[in-house]
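Protein chains: 2
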Amino acid sequence: METKKIILTGDRPTGPLHLGHFVGSLQNRVKLQYDYDQHIMIADVQALTDNFENPDKVRKNILEVAYDYLAVGIDPKTSTIFIQSMIPEIADLTVFYLNLVTVARLERNPTVKDEIRQKGFGSNVTAGFLCYPVSQAADITVFNADLVPVGADQLPMIEQTVEIVRKFNNIYEPIFVEPQAMVPETGGRLSGIDGQAKMSKSLNNAIYLSDSAEDLKKKIMSMFTDPSHIRVEDPGTIEGNTVFAYIDVFDTDKDRVAELKAHYQRGGLGDVKVKKHLNDILQAILEPIREQRKTFSSDPAQVTQILREGTQQARQKAAQTMNKVRKAMKIDYF
Amino acid sequence: METKKIILTGDRPTGPLHLGHFVGSLQNRVKLQYDYDQHIMIADVQALTDNFENPDKVRKNILEVAYDYLAVGIDPKTSTIFIQSMIPEIADLTVFYLNLVTVARLERNPTVKDEIRQKGFGSNVTAGFLCYPVSQAADITVFNADLVPVGADQLPMIEQTVEIVRKFNNIYEPIFVEPQAMVPETGGRLSGIDGQAKMSKSLNNAIYLSDSAEDLKKKIMSMFTDPSHIRVEDPGTIEGNTVFAYIDVFDTDKDRVAELKAHYQRGGLGDVKVKKHLNDILQAILEPIREQRKTFSSDPAQVTQILREGTQQARQKAAQTMNKVRKAMKIDYF
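Taken in order, these protein sequences are the chains called A and Z.
Take the first sequence: its letters are residues 320 to 653, numbered as in our numbering.
Take the second sequence: its letters are residues 320 to 653, numbered as in our numbering.
Any given hint might turn out to be false.
To be verified - Which bits of chain Z does chain A cover? Going by a derived footprint, with three or more residues having C-beta under 8 Å, they are:
no., region
1, 356-367
2, 374-388
3, 396-408
4, 420-427
5, 441-454
6, 618-627
Said to hold, decoys possible - Below 30 Å or equal to it, Euclidean Cα-Cα: the simulated DSSO-like pairs (lysine-lysine) are:
no., chain 1, residue 1, chain 2, residue 2
7, A, Lys636, Z, Lys636
8, A, Lys396, Z, Lys376
9, A, Lys646, Z, Lys376
10, A, Lys376, Z, Lys376
Unchecked claim - Over the 10 Å line for every Cβ pair with chain A, so calculated as not near, a few chain Z residues:
no., residue
11, Thr322
12, Lys324
13, Pro335
14, Val342
15, Gly343
16, Leu417
17, Gln437
18, Asp472
19, Arg508
20, Ala516
21, Asp570
22, Asp572
23, Ala603
24, Lys649
Honestly, the hints are just simulated from the structure, not real lab data.
No residue lacks a Cβ here, since even glycine has one placed at the ideal position from N, Cα and C.
Whenever a hint applies, use it, and build me the whole structure from the sequences.
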């Protein structure tokens, strides 16, 4: 039974989860959870690296994220859901890993470089933010994860972890496996409803799993389509048309999709009609999730208990790893 | 009883302690220990920042340093002696503090800058080394230390801690006191026996508290004096003469010292005679320490028990602080 490979995954609790998370990771987790020993981390310590001045936001979203997990069908009986800050062993390991990475190497990390630019930190970047790949290496290895599901843009983080693991194994004792990235089959991200590449809370272009039926419809009706498609009879363009991009992802009837696209391209199919079609599909997917979410969010004590138990389990595993680390580093004095 | 001010102090376990430590800090600790709530940390985590490839050295010197402490009269009944790596709460706090300091600020720290230059790290400086002032801030504040005995060269470290404390108190809740530096009365450092400014293991110019009587004598006889004082009848120079520098520190009979200096300066007093005088004084000081050290080092189990108890006490205090930190940062979920 203990031959299941270990997965580490998770989310920053900076807001409720959206359709981008659903497509990019949540669906995949539901699929994987019975075949893998899956650890799902609510990454509050990582969220605090760029939200340290706003602890209320992070705290509030712990339960929101947990509701989303349970609502989509992540099963706490098989997946271990836990809160990062309640595993102090991760911080302990992070401090030792900081010795195995140069500042120059962290400054070269492409993912972090991009984020520093996007967030406009410039030379005010904090040590916590620059070092978060080291903290991630600790997250992954403290649970001996074999696999880390990531988007292609996060591959440098896994490379950094592998470098640290090699260095640790080489200097001390070879106690860690080199984790591997698990890039999901579904290609790429779901764009925002405004057509921007990334769906995100800060861009205000996200559809949340917790959105009401009316909000969902309103957002779909406001979606970016083909700006030159003015009259119904005009031919429309599919490329860059967000509504069709969503239909491609969510409509499983591929013949119907092909027909719809052809009709739109030759003219005579209005945006409102296409959007209504998308609305039907998304309502059907999100309605049961929304209902489940209501059930869970009406009982925060039960969900807190789930997090408590997951965190206890995770902590036990982390403590076992830290015992090995202390022995390998010869700091197991008594 | 709980109104005693709290001191945090300690040493990196990278070698047994020497006469420089004795003059610069150990004597002071023995004096202060009944009037203050003194915490003495064997800083193995900090030692690993620039000895991470040599864990054996750090491990071996934990007990060596403890023997030195006990030999000079540090009383574990009143001073709490503990091992840094066994207080994971320090790492936990360090990770949160990393968010409160910019990389640029750490790179400007004059003490760290000097050390990076001295150790020749250049652009290969590790994140662990650059960030060790943040780890020190955690060491100090996790015990709520009011006072930190430091040499003048370490003042920037206390400034860094005060900055972090102010930022934490301001963003979260004002739970920390701003620690103050406690610069010892005895001015400056004891030079090495070769006349170099710093006594250190790597320079091979140190007199250890654990040196045998013969080794002590041999080292004194090899000390740097006045290179132009060739014949006994020649006038000698006091300035820059290491033997007289030591006599100034250790000979409490100031009239005799003045007389000796005058004789040396006018000529007719040989270096060997002056060195023999210093040897008499140092043997008298170090002999009882050496004997005590032998007693303790013949019973490592007893000393380990002292460290175990001190570490337990320290950990309880650190855990209390971390409870406050978690509450202030709103990450006290359950």
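A cut-off of 10 Å on Cβ-Cβ distance, and Z:Arg508 was said to be off the interface with chain A. Does that hold? holds, 27 Å
Are there three or more residues in the region 374-388 of chain Z whose C-beta lies within less than 8 Å of some C-beta in chain A? holds (count 5)
Quick one: work out the minimum CB distance from Z:Ala603 to chain A and report holds if it exceeds 10 Å, violated otherwise. Consistent with the label, Z:Ala603 stays out of reach of chain A, its closest Cβ about 35 Å off (over 10 Å).
Closer than 8 Å Cβ to Cβ for three or more residues is the test here. Does the region 356-367 of chain Z pass it with chain A? holds (count 3)
When I compare C-beta atoms, does the region 396-408 of chain Z have three or more residues closer than 8 Å to chain A? holds (count 5)
Verdict on Z:Asp570 as a residue remote from chain A, using beta-carbon distances over 10 Å: holds, 40 Å
Given that the region 618-627 of chain Z was listed as covered by chain A, double-check it with a C-beta distance under 8 Å for 3 or more residues. holds (count 3)
With d taken as the least Cβ-Cβ distance between Z:Lys649 and chain A, does d exceed 10 Å? violated, 4 Å
Taking the shortest Cβ-to-Cβ distance between Z:Leu417 and chain A, state whether it exceeds 10 Å. Z:Leu417 not clear of chain A: closest Cβ-Cβ about 4 Å, inside 10 Å.
Assertion that Z:Lys324 lies outside the chain A interface [Cβ separation over 10 Å]: About 28 Å separates Z:Lys324 from the closest Cβ of chain A, which puts it past 10 Å; holds.
Coverage claim, chain A over the region 441-454 of chain Z, checked by counting residues with Cβ within 8 Å (three needed): Coverage by chain A holds for the region 441-454 of chain Z (11 residues, Cβ < 8 Å).
Are all beta-carbon distances from Z:Asp472 to chain A longer than 10 Å? holds, 22 Å
Checked against the numbered hints given earlier, the structure breaks hints 8, 10, 16 and 24 and satisfies all the rest.
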